[in-house]
Each structure stands twice: as C-alpha cells, then as structure tokens.
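Visitor: Using the hints, position chain Z against chain C.
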Amino acid sequence: MNGRVLRELVAAQESGRDVVLATRLGDGAQELIEAGRGSDGLGVDGGVLADVLRVGESRTVETGDGPVFLRPYIRAPRLVVVGAVHIAQALVPMAALAGFRVTVLDPREGFATGDRFPEAVLVKDWPDRARAGLAPDGRTAVVALTHDPKIDDPALIAALESDAFYVGALGSRKTQGARRERLGETGFSAEVLDRIHGPIGLPIGARTPEEIAVAVLAEVIGALRL
Amino acid sequence: MDPSNSRHTNADPVLAQAAEWLDEGRRIALATVTRTWGSAPRRAGSHMVIAASGDFAGSVSGGCIEGAVIQTALEVIESGAPRTLEFGVTNEMAWEVGLACGGRVHLFVEPVV
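Those sequence lines, one after another, are chains C and Z.
Here this note's numbering is used: the first residue of the first sequence is 1, the next is one more, and so on.
Here this note's numbering is used: the first residue of the second sequence is 1, the next is one more, and so on.
These are calculated hints, taken from the structure and not from any lab test.
Relax, there's no trap hidden among the hints.
Counterexamples of contact, computed for chain C against chain Z with all Cβ distances above 12 Å:
{"id": "1", "residue": "Val48"}
{"id": "2", "residue": "Asp65"}
{"id": "3", "residue": "Asp137"}
{"id": "4", "residue": "Arg180"}
Simulated DEER-style distance windows between Cβ atoms:
{"id": "5", "chain 1": "Z", "residue 1": "Gly88", "chain 2": "C", "residue 2": "Arg75", "range": "28 to 36 Å"}
{"id": "6", "chain 1": "Z", "residue 1": "Glu20", "chain 2": "C", "residue 2": "Gly99", "range": "13 to 21 Å"}
{"id": "7", "chain 1": "Z", "residue 1": "Ser79", "chain 2": "C", "residue 2": "Gly110", "range": "57 to 65 Å"}
{"id": "8", "chain 1": "C", "residue 1": "Glu34", "chain 2": "Z", "residue 2": "Ser79", "range": "27 to 35 Å"}
{"id": "9", "chain 1": "Z", "residue 1": "Glu20", "chain 2": "C", "residue 2": "Val48", "range": "29 to 37 Å"}
{"id": "10", "chain 1": "C", "residue 1": "Glu109", "chain 2": "Z", "residue 2": "Gly62", "range": "42 to 50 Å"}
{"id": "11", "chain 1": "C", "residue 1": "Asp137", "chain 2": "Z", "residue 2": "Glu86", "range": "37 to 45 Å"}
{"id": "12", "chain 1": "C", "residue 1": "Lys124", "chain 2": "Z", "residue 2": "Glu86", "range": "49 to 57 Å"}
{"id": "13", "chain 1": "C", "residue 1": "Ala29", "chain 2": "Z", "residue 2": "Glu78", "range": "14 to 22 Å"}
{"id": "14", "chain 1": "C", "residue 1": "Arg75", "chain 2": "Z", "residue 2": "Glu75", "range": "29 to 37 Å"}
{"id": "15", "chain 1": "C", "residue 1": "His86", "chain 2": "Z", "residue 2": "Gly88", "range": "46 to 54 Å"}
{"id": "16", "chain 1": "Z", "residue 1": "Glu75", "chain 2": "C", "residue 2": "Thr60", "range": "17 to 25 Å"}
{"id": "17", "chain 1": "C", "residue 1": "Glu34", "chain 2": "Z", "residue 2": "Glu20", "range": "18 to 26 Å"}
Quick caveat, the model's predicted, so the values are computed rather than measured.
Backbone N, C-alpha and C fix where the C-beta goes; we use that ideal spot for every residue, glycine too.
Okay, chain C solo, but in the shape it has when bound (with noise of 0.2 Å):
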C-alpha cells in the first residue's frame, strides 16, 4: 500500500465519506474508490461496488487480472439517546465502545452536559427542534429514555418518520400502551407504531441501569445486524 492512499483513506474516514478500498491480490495494486464512482484502474463493476457499500461487507470478486478483494469503508452507525439519565450514563459509553457514533439529546438544563457524556455529540434542545439537525437515516437507531412524554413523543414522532433502523422508548408495558394511543391519535397506523420496541431491550431480566444499557445495546445491533 502506498502511504499517500493510507493517508487518504483515513482522511475519508474521518471526514465522514464512504469508500471502497480495492486491491488486486497477485501484485497489491490498488484503487481508493469514492462512493457513487466507478474503479478506473482495477475494472471492478460498478454494481458490485454500489452492493459492497450498501452491505457493508468486504468481498473478494474475480476480474480479467485475477482477485480483487473489495473493503468498504462507511460510516459507523448512529445511535441518538434521548434522555440524559442514569441509563444513558450507562449505555453511551457502551455503545461508543461497540463502535457508535453517539449523540445524546436533553433539553433539559444540566443533563446534557460533557462531564457526564465525554463520549457523546450533545444536544440542548427538544427533539422536534433539533429534529432537520439531528435527521435519523437507515444507520441511526433512536432510543427515548426520558419517560417524559414531553421529551419522548416528539422524538419518537420524528424516528417513525425517518428511516431509522431501530427506535425504542423506556416505559412499562402500561405506559406503552398510552404511548401507543397518543402516538396514534396523531395519525400513525399500527403498522408504524409496531416498530417501537417497548419495553425497550432484550429481555434479560435487567434491573439496573447498567443491565438494561446491555439489554437495549444488544437490540439495537441485533436489529442492526440480523
């Protein structure tokens, strides 16, 4: 590998750009390849790229000049924590370990704050006003913490209307259910409202904070990854 595509790899990377490093394995030649480009130097098909991207996993395809291994480099995915409480203390650092991009969201003056959450991008605001900032994607799970039907609605109402890829809130199965009626009264069908996984987590018996952080953590990948 030459140093300057190390160099620009990393630069990717850290400037949030998805790309695809190709490298023939006969003789190591290698193509940086930028989303939504075509491989100049390596011939590698353009759909195959495009899949790699989207899938997230390396794959080795065969070409006129042998095996090219294709690794995709794309963005980590984001989890948005509502709610700066006991369980976000817990989980935001568990989830920037399990390699999340986290943000944490708390209007609240003196949750959101960067001694409690060094790991985490912070928000002070409500969730329907940072809501265009803030703009779930197919990578973003979000979960409500707050059991604050002032903090959590908005920000659910704005997960069920993006592509988030995971949306969860706290809250017993009673206060599901009064959720769930609200939510619907402001017009989203059963069909929508069953992608709020709630109670939140897997069920592992969690009593702590720090057992439920596990347990939610593990739902989100596994909603991520299954």
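Guide: This is chain Z only, laid out in the frame that chain C set:
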C-alpha cells in the same frame, strides 16, 4: 495515540495508528483478513498493523495466528513484496499455527511505504 480520543474520529483506529507510525518514519506492514470460513473470530476486512520493531495494533483472529502474521509481516517489510496467507484448523497434537476454533482464514499482508 490515545484510544479514547480515536473514538471521536470516524477513522478505523488501526489505520489511524498505521498512518501515525508512517508519519513517524517507522517501517510498517498491514495485514488484512480477506476471507473467512466457519467460526473465524474476525470478519473479512479486519486489520492489523505491524511495525518493524514488532509493535502491532489490531487483530486478525482471536489471538491464535497473530504471532505467525507478525513474522510474515516482518519479512514483507524487508522484501517490500505483498503476500497472501492461509490458516486452517489446528491439530491440537501438532506444533503448527492454526485456528483452534475450527475456522479458516485468508490474509493479505502488504508493506506500507
């Protein structure tokens, strides 16, 4: 590089380490898992960077084959030519390097210059 800081960037920490070592003028090689079968612990695309001093970062298995990969990487740094490697299931009775987990992996080891 402080690993806790690296999480604030989106760059793969192993590649960031490789770039840092290169900037420091160290001679390095990059090992990449190109294909796996069975229960291999690290996915295709996983990286390990090895310096001529023997320092390394990242992993390409659960620790079973790293020693052999480092040895090959040192040879690749010297020769300047990339190599492919294959590891299969270990026979516990034999003194060979392999994957006790029963998986099989292919690797590509290349100099970074």
